[in-house]
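Colleague: These protein sequences, in sequence, are chains A and B.
The UniProt record's numbering applies: residue 1 is where the first sequence begins, and numbers increase by one.
The UniProt record's numbering applies: residue 1 is where the second sequence begins, and numbers increase by one.
Because the hints were derived from the structure by calculation, they are not lab data.
The C-beta atom is built at its ideal place from N, Cα and C for all residues, glycine as well.
Just so you know, not all the hints are guaranteed correct.
Straight-line C-alpha distance at most 30 Å; calculated DSBU-like pairs for lysine-lysine [what the hints assert, rightly or not]:
#1 A:K18 - B:K25
#2 A:K26 - A:K13
#3 B:K7 - A:K14
#4 A:K26 - B:K96
#5 B:K7 - B:K97
#6 B:K25 - B:K204
#7 B:K25 - A:K19
#8 B:K177 - B:K7
#9 A:K20 - B:K204
#10 A:K14 - B:K96
#11 A:K20 - B:K7
#12 A:K26 - B:K177
#13 A:K26 - A:K14
#14 A:K18 - B:K204
#15 B:K97 - A:K14
#16 B:K7 - B:K167
#17 B:K96 - A:K13
#18 B:K25 - A:K20
#19 B:K7 - A:K13
#20 B:K204 - A:K13
#21 B:K204 - A:K26
#22 A:K18 - B:K97
#23 A:K14 - B:K25
#24 A:K13 - B:K177
#25 B:K7 - A:K19
#26 B:K204 - A:K14
#27 B:K204 - B:K97
#28 A:K19 - B:K204
#29 B:K177 - A:K20
#30 B:K96 - B:K7
Quick partial rundown of chain A residues pointing at chain B, CB under 8 Å, derived from the structure [unchecked claim]:
#31 V30
#32 A42
#33 I56
#34 Q66
#35 Q70
#36 W84
#37 A95
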Amino acid sequence: MADNTNSVEHTEKKEFYKKKHREHMKHQVVTFVMMIAFTLIAFGLVIAEVDAMFTIPIILVLAGVQVLFQLYYFMHMSEEGHQWPAAMIYSGIFAAVLTVLSLTTIVWW
Amino acid sequence: MAEDVLKSGDLPENPERATLEGRNKFMGFWFFLGGETVLFASLFGTYLALRNSNAGGATGSEIFGLELVFIMTMLLLTSSLTSVYAMYHMKNNDFKKMQLWLGITVLLGLGFLGMEIYEFVHYVHDYEFGYTTSAFSSAFYTLVGFHGGHVAFGLLWIVALMIRNAKRGLNLYNAPKFYIASLYWHFIDVVWVFIFTVVYLMGKVG
Numbered sequence: 001m002a003d004n005t006n007s008v009e010h011t012e013k014k015e016f017y018k019k020k021h022r023e024h025m026k027h028q029v030v031t032f033v034m035m036i037a038f039t040l041i042a043f044g045l046v047i048a049e050v051d052a053m054f055t056i057p058i059i060l061v062l063a064g065v066q067v068l069f070q071l072y073y074f075m076h077m078s079e080e081g082h083q084w085p086a087a088m089i090y091s092g093i094f095a096a097v098l099t100v101l102s103l104t105t106i107v108w109w
Numbered sequence: 001m002a003e004d005v006l007k008s009g010d011l012p013e014n015p016e017r018a019t020l021e022g023r024n025k026f027m028g029f030w031f032f033l034g035g036e037t038v039l040f041a042s043l044f045g046t047y048l049a050l051r052n053s054n055a056g057g058a059t060g061s062e063i064f065g066l067e068l069v070f071i072m073t074m075l076l077l078t079s080s081l082t083s084v085y086a087m088y089h090m091k092n093n094d095f096k097k098m099q100l101w102l103g104i105t106v107l108l109g110l111g112f113l114g115m116e117i118y119e120f121v122h123y124v125h126d127y128e129f130g131y132t133t134s135a136f137s138s139a140f141y142t143l144v145g146f147h148g149g150h151v152a153f154g155l156l157w158i159v160a161l162m163i164r165n166a167k168r169g170l171n172l173y174n175a176p177k178f179y180i181a182s183l184y185w186h187f188i189d190v191v192w193v194f195i196f197t198v199v200y201l202m203g204k205v206g
């Protein structure tokens with residue numbers, strides 16, 4: 001353990017991290033505002049009854065982007081040491097896409 | 001080292017990954033989330049395949065009310081931010097504030113769950129839209145209900161952690177537990193984003 005750490009240096013380090021965390025938290029709030037905006041656009045398009053051929057692709061893209069925000073910022077995947085989490089979640093997404101595609105195409109044909 | 005992990009106080013920069021146990025939990029949990037993604041994908045795929053098979057029963061565009069879904073979305077999205085705040089205070093080693101923000105997260109989650117229960121009761125009583133009404137209703141209740149089950153489990157999990165560790169304070173033993181519970185909570189929100197888009201919004205569009 002770090003019992004012999006110089007206490008002045010130690011406090012400085014703590015202050016540095018605190019500041020870093022505060023900066024980080026600001027970005028999280030910006031992320032949140034953007035997710036709210038995406039949600040409003042998606043609901044707005046449906047309530048305004050814009051053409052379905054236009055609305056459906058747009059709201060799906062908005063959902064995809066919102067999920068990436070959630071993963072990379074709220075779930076901290078953009079921070080260091082997240083190579084394996086990324087590998088695992090993308091493997092999951094890969095299998096998920098195949099699953100949804102196969103289940104939907106069998107009813108189209 | 002063994003007794004040190006239960007000592008609260010001076011914690012390293014990333015307390016959730018400071019011990020081998022913490023790193024294993026972190027890694028294992030992301031592996032689990034990868035699996036959960038596939039599991040929900042199979043339910044989404046089933047729903048998409050059966051969404052028009054209403055067998056003479058109610059259709060989605062008849063029963064879905066966007067006002068309720070919008071409020072539920074806002075509650076869950078906000079609860080995701082409050083759990084980010086909880087983890088922010090965890091990194092600053094401020095246990096009381098972390099508990100407070102987790103408490104707010106739980107309240108928002110309870111609001112969401114209450115509204116979902118109201119929604120299901122409303123469908124069954126006012127539209128005779130039961131689980132066995134049609135292939136569409138079965139797929140709908142399975143997908144949305146399974147997500148609701150995740151919300152209920154997440155709430156129990158967070159509350160259990162809060163109560164169990166209330167007197168311990170934050171330490172290297174429980175920091176990974178809190179961190180992972182918050183990851184789970186975010187994942188619930190990830191799934192909900194697709195539910196409100198694919199089920200409710202696309203259901204309204206037709």
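Colleague: Under the constraints set out in the numbered hints, which ones does this structure not fulfil?
Modeller: 6, 9, 14, 20, 21, 26, 27, 28 and 31
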